[in-house]
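Enquirer: This is what each chain is made of:
Number of protein chains: 4
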Amino acid sequence: MQAEALKGIIAYPVTPFLPDGSDLDEAAFRAVIAALLASEPAAIAILGSAGESAYLRDEEWQRGVEIGVEAVAGAVPLIVGIGELTTAAAVAKARFAEVAGADMLMVIPVSYWKLTDAEIVEHFAAIASATALPIMVYNNPATSGVDMNPALLVRLVREFATVRLVKESSGDINRMHAIRELSEGTIPFYNGANHLALEALAAGASGWCTAAPNLLGGEPGRLVDLMAAGDLEEARTLFYAMLPLLRFIVQGGLPTTVKAGLRLKGLEAGDPRKPLLPLSGEPLEQLRRLIG
Amino acid sequence: MQAEALKGIIAYPVTPFLPDGSDLDEAAFRAVIAALLASEPAAIAILGSAGESAYLRDEEWQRGVEIGVEAVAGAVPLIVGIGELTTAAAVAKARFAEVAGADMLMVIPVSYWKLTDAEIVEHFAAIASATALPIMVYNNPATSGVDMNPALLVRLVREFATVRLVKESSGDINRMHAIRELSEGTIPFYNGANHLALEALAAGASGWCTAAPNLLGGEPGRLVDLMAAGDLEEARTLFYAMLPLLRFIVQGGLPTTVKAGLRLKGLEAGDPRKPLLPLSGEPLEQLRRLIG
Amino acid sequence: MQAEALKGIIAYPVTPFLPDGSDLDEAAFRAVIAALLASEPAAIAILGSAGESAYLRDEEWQRGVEIGVEAVAGAVPLIVGIGELTTAAAVAKARFAEVAGADMLMVIPVSYWKLTDAEIVEHFAAIASATALPIMVYNNPATSGVDMNPALLVRLVREFATVRLVKESSGDINRMHAIRELSEGTIPFYNGANHLALEALAAGASGWCTAAPNLLGGEPGRLVDLMAAGDLEEARTLFYAMLPLLRFIVQGGLPTTVKAGLRLKGLEAGDPRKPLLPLSGEPLEQLRRLIG
Amino acid sequence: MQAEALKGIIAYPVTPFLPDGSDLDEAAFRAVIAALLASEPAAIAILGSAGESAYLRDEEWQRGVEIGVEAVAGAVPLIVGIGELTTAAAVAKARFAEVAGADMLMVIPVSYWKLTDAEIVEHFAAIASATALPIMVYNNPATSGVDMNPALLVRLVREFATVRLVKESSGDINRMHAIRELSEGTIPFYNGANHLALEALAAGASGWCTAAPNLLGGEPGRLVDLMAAGDLEEARTLFYAMLPLLRFIVQGGLPTTVKAGLRLKGLEAGDPRKPLLPLSGEPLEQLRRLIG
Chain A
24 MQAEALKGII AYPVTPFLPD GSDLDEAAFR AVIAALLASE PAAIAILGSA GESAYLRDEE
84 WQRGVEIGVE AVAGAVPLIV GIGELTTAAA VAKARFAEVA GADMLMVIPV SYWKLTDAEI
144 VEHFAAIASA TALPIMVYNN PATSGVDMNP ALLVRLVREF ATVRLVKESS GDINRMHAIR
204 ELSEGTIPFY NGANHLALEA LAAGASGWCT AAPNLLGGEP GRLVDLMAAG DLEEARTLFY
264 AMLPLLRFIV QGGLPTTVKA GLRLKGLEAG DPRKPLLPLS GEPLEQLRRL IG
Chain H
24 MQAEALKGII AYPVTPFLPD GSDLDEAAFR AVIAALLASE PAAIAILGSA GESAYLRDEE
84 WQRGVEIGVE AVAGAVPLIV GIGELTTAAA VAKARFAEVA GADMLMVIPV SYWKLTDAEI
144 VEHFAAIASA TALPIMVYNN PATSGVDMNP ALLVRLVREF ATVRLVKESS GDINRMHAIR
204 ELSEGTIPFY NGANHLALEA LAAGASGWCT AAPNLLGGEP GRLVDLMAAG DLEEARTLFY
264 AMLPLLRFIV QGGLPTTVKA GLRLKGLEAG DPRKPLLPLS GEPLEQLRRL IG
Chain F
24 MQAEALKGII AYPVTPFLPD GSDLDEAAFR AVIAALLASE PAAIAILGSA GESAYLRDEE
84 WQRGVEIGVE AVAGAVPLIV GIGELTTAAA VAKARFAEVA GADMLMVIPV SYWKLTDAEI
144 VEHFAAIASA TALPIMVYNN PATSGVDMNP ALLVRLVREF ATVRLVKESS GDINRMHAIR
204 ELSEGTIPFY NGANHLALEA LAAGASGWCT AAPNLLGGEP GRLVDLMAAG DLEEARTLFY
264 AMLPLLRFIV QGGLPTTVKA GLRLKGLEAG DPRKPLLPLS GEPLEQLRRL IG
Chain R
24 MQAEALKGII AYPVTPFLPD GSDLDEAAFR AVIAALLASE PAAIAILGSA GESAYLRDEE
84 WQRGVEIGVE AVAGAVPLIV GIGELTTAAA VAKARFAEVA GADMLMVIPV SYWKLTDAEI
144 VEHFAAIASA TALPIMVYNN PATSGVDMNP ALLVRLVREF ATVRLVKESS GDINRMHAIR
204 ELSEGTIPFY NGANHLALEA LAAGASGWCT AAPNLLGGEP GRLVDLMAAG DLEEARTLFY
264 AMLPLLRFIV QGGLPTTVKA GLRLKGLEAG DPRKPLLPLS GEPLEQLRRL IG
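Chains as they are written, first to last, in my numbering: chain A, 24 to 315; chain H, 24 to 315; chain F, 24 to 315; chain R, 24 to 315.
Just chain A, same shape as in the assembly:
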């Protein structure tokens, strides 16, 4: 695929578990993906942060990839998230995803001990040389513990032919400015911070990586379209209308809040995996009001 040509919404399904939490709920996963496809995203990205990939056993992760490939069925590009502590595990998963039929990888390094730039570069080198799939490098320090600054992100794209896109979720709009400036506008960047959706598009983001379509359907996509059309007034109105929900789902943790929201909307996607607990009490009522 032409990774750089991707524009618009990249939608992130949650990963449903069976009621006892013991395994994936395959039927529910297919249903979640089908609902996302109905929102007409530019691509679907499975097993990312919202997809609780960090909490899956290896065999569950693999089964998740297979279901994703079947459920998306070529309707849009399928991106698979790779977030592993060890390089060996990341390489193994990247290879599995390629063989299973993924179209692209979204790779986020994860730390226990802080990584140097050299360590991050070698991590990407190992993955890039193990598969031919295009790679989106994903920065999300709040979840992964690794903060790749714009210079490093640009370096990764320049150094590895298959690393083509950046997803920036630090929530700092200056990072997007820097990526654009350092790459002289040549490297496409996606925004992964829901509460900055409006501003990131103003700043030139190619699109928005988000789990919001699980709850908001095609509205996030409409924001992208309005901004592309220069209808700033209408875009701003739509953004502020969505903002309380966007902020809520991020602050409460995407798996927790999106699964709760799907249940409220009648699509049973189960609970997050422990220690994550299902939303309850006042926050659940708040979400009910936000979803309306």
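Be careful, since some hints might not be right.
Identical copies go unnamed one by one, so any copy, or any two together, can satisfy a pair.
Straight-line distance between alpha carbons at most 25 angstroms, and here's what the computed DMTMM-like set of lysine to aspartate or glutamate pairs gives [as the list claims (entries may be wrong)]:
no., residue 1, residue 2
1, 137, 43
2, 137, 308
3, 288, 43
4, 288, 140
5, 30, 182
6, 30, 145
7, 297, 81
8, 137, 83
9, 137, 121
10, 30, 46
Simulated from the structure, these hints should not be mistaken for lab results. This structure is a prediction, so every number in the text was calculated from the model and none was measured.
The hints should help you fit chains H, F and R onto chain A, whose structure is shown.
Expert: Chains H, F and R only, in chain A's frame:
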């Protein structure tokens, strides 16, 4: 004046000193203001952060107000900055500015010891009851040591009839979101963070408070116009063209960098007051390249 | 064992891998533990942060526990680290450690998505009800992404009979003050921040959890003894003599720096697991000078 | 005086105002100083952070110096605080203090615009060349907005013959480690963070700069003595007994809380200057309980 109707660029002159640093350079101050007026701002705000008001003796400050009133001469509204550690000094300056002919006050509380919300509210109460001038409440924690969160800013506007506008310079776009949400869009807010000019306008800012017109003339105003017209593509191009200079003048301190830039452009506005030192060496060369 | 009676040094071995990185180097692991025992610690804690437990496959982790039990052989209490993203995995490892013969568990919650206090409490509840072993609750936000404040740490000790000790590695001495105050001096706390060793002992820490004995032998223990004896002058001299090395091994990441240091001292413990890279270049020379 | 020989408590009086806030309360100021002298400090430092020097008019400040000289009357060394935004004002005050009979200056640079190292060095150069008094360089970023790192503090002592001591109030114990290491133990440093008093003495501080003797009399001095005698157990007990009050007076702002405490103890020292408000309500009750 109708404070809420103000839109667009509020331009900030630097305050020139004589070569020996002993006093204001009145002629240079008039020249700086005249040059700013030529950039066609919506208003001129003297004796703000860029205007080194914190470094002036009382009599210099008063003379500065008088010169400002004469030099602006009603061409656009004249705003006077009030940033004092004690409430008594702030009240005295507010009264002086009103008598001297200012159209509006921009008030920033300044701390040595951190202020509670109650202390900040009483500070504004004292100023608001001492003059009839409309007030713009100004938040700039990096310089003043006081961080007023959006709830407090909104409270100040609601509580005091003459507090009408907010200037937000924290550099956190979420603050602007919150002001709009908490006030249901009724409180006009201005952006004071140069490097966020594009995004703040996208987020609904009424305008941009900036010293950049000292060096960039009417270009900042053109950004506002392009955004108002929905020409996002052109606005973005203009913003990124200005961004290296905008970032430079903030990071190096506005009095230091803007005075150096004015000298490079042929308008001698002197040096900042000690301990601030004039720009020199490599940073000066960098500025020369940025100004082109 | 009487967990609360524990005082002094809890020593942390690194976990050696074979030269090709594919598996544990069991002989080297035994040698590392034997060397630590020679430094006469109060206890040995295997598979902690320094022990790269986050980077081990399940079967490696289990084998590590078995080797630890054999190698320590009752000479001192054996503590096993449990740091898992899912509660299910933490419970399974806790049970394994108990059956294998561990004397105590050191439990650190690890996050991808931030955990609420309720989620952390349930995580400990599940572990505490799955084993009879005493538990040391371990706070290390920089590595785990979870920051448990003193009130929560004290709550965990009060709420679960087998949670007996706190290890505080945030590096904020105020946390230790708060634990002592909130528990009225009844909850023993250990310091896990090497660069605060002197001050933590002054503040009343029961001891020091550290990988430093791998490189410094009995010197860390001597610091504890000097402070217990009130020989503050000598303790301070010793602390400042060790400080450059203590700071170095933390800043460079304990597995990376301690393994490099062991090699310099002639005990081959291999390299850390990728993406962690072995120390090289100038940092390695710096370590060589520090070890002298 | 032999500045380096100073050891123990440097006590900070508050600066009382008349009931209407219009001017200094000279009699109360003398009473506050007399009470401090009764606590037997090593030195008295007037017009520091606790002394609200930032809120004084110039003539009040000068009168404050004169009263201090008279009231201390050579009983112990008298230190005068200099914290000014402009170098010219700092120099003028330094000269005034010398002529008036001060024994030492405590100099803190204050910022509106951030200062570069070069600007800070020139600021000290101007002051050091304007008076012969020994100088204590004072770092307190939370109040002054200027953060001088240990390397800069050490540089100032090395570069200017009369800059002899460091007062470190950042609250980061690592800064004290670094000062000791960078100066190879040759530069005496004082701790200015009340809540770190125990640990700073452990780390080798020459003493403790504090307003606490206003409320605690000789107890802070006893902590210093116990640590000097190596009675760590008793020192720790005393420190934890004082800690709730120490933390309270810092968190609520020293002028506000110490003045309230003096009133509770029967020494009327008035209220802080607006916008600072007198302590009231629940915080005042809390202080009453802490003072007992």
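Enquirer: All the hints need checking, so say for each whether the structure fits it.
Expert: Evaluated hints:
| no. | hint | verdict |
| --- | --- | --- |
| 1 | 137 to 43 | between (35 angstroms within a copy, 22 angstroms between copies) |
| 2 | 137 to 308 | between (38 angstroms within a copy, 21 angstroms between copies) |
| 3 | 288 to 43 | within (21 angstroms within a copy, 51 angstroms between copies) |
| 4 | 288 to 140 | neither (43 angstroms within a copy, 28 angstroms between copies) |
| 5 | 30 to 182 | within (23 angstroms within a copy, 46 angstroms between copies) |
| 6 | 30 to 145 | neither (29 angstroms within a copy, 42 angstroms between copies) |
| 7 | 297 to 81 | both (17 angstroms within a copy, 19 angstroms between copies) |
| 8 | 137 to 83 | between (27 angstroms within a copy, 22 angstroms between copies) |
| 9 | 137 to 121 | neither (28 angstroms within a copy, 31 angstroms between copies) |
| 10 | 30 to 46 | neither (34 angstroms within a copy, 43 angstroms between copies) |
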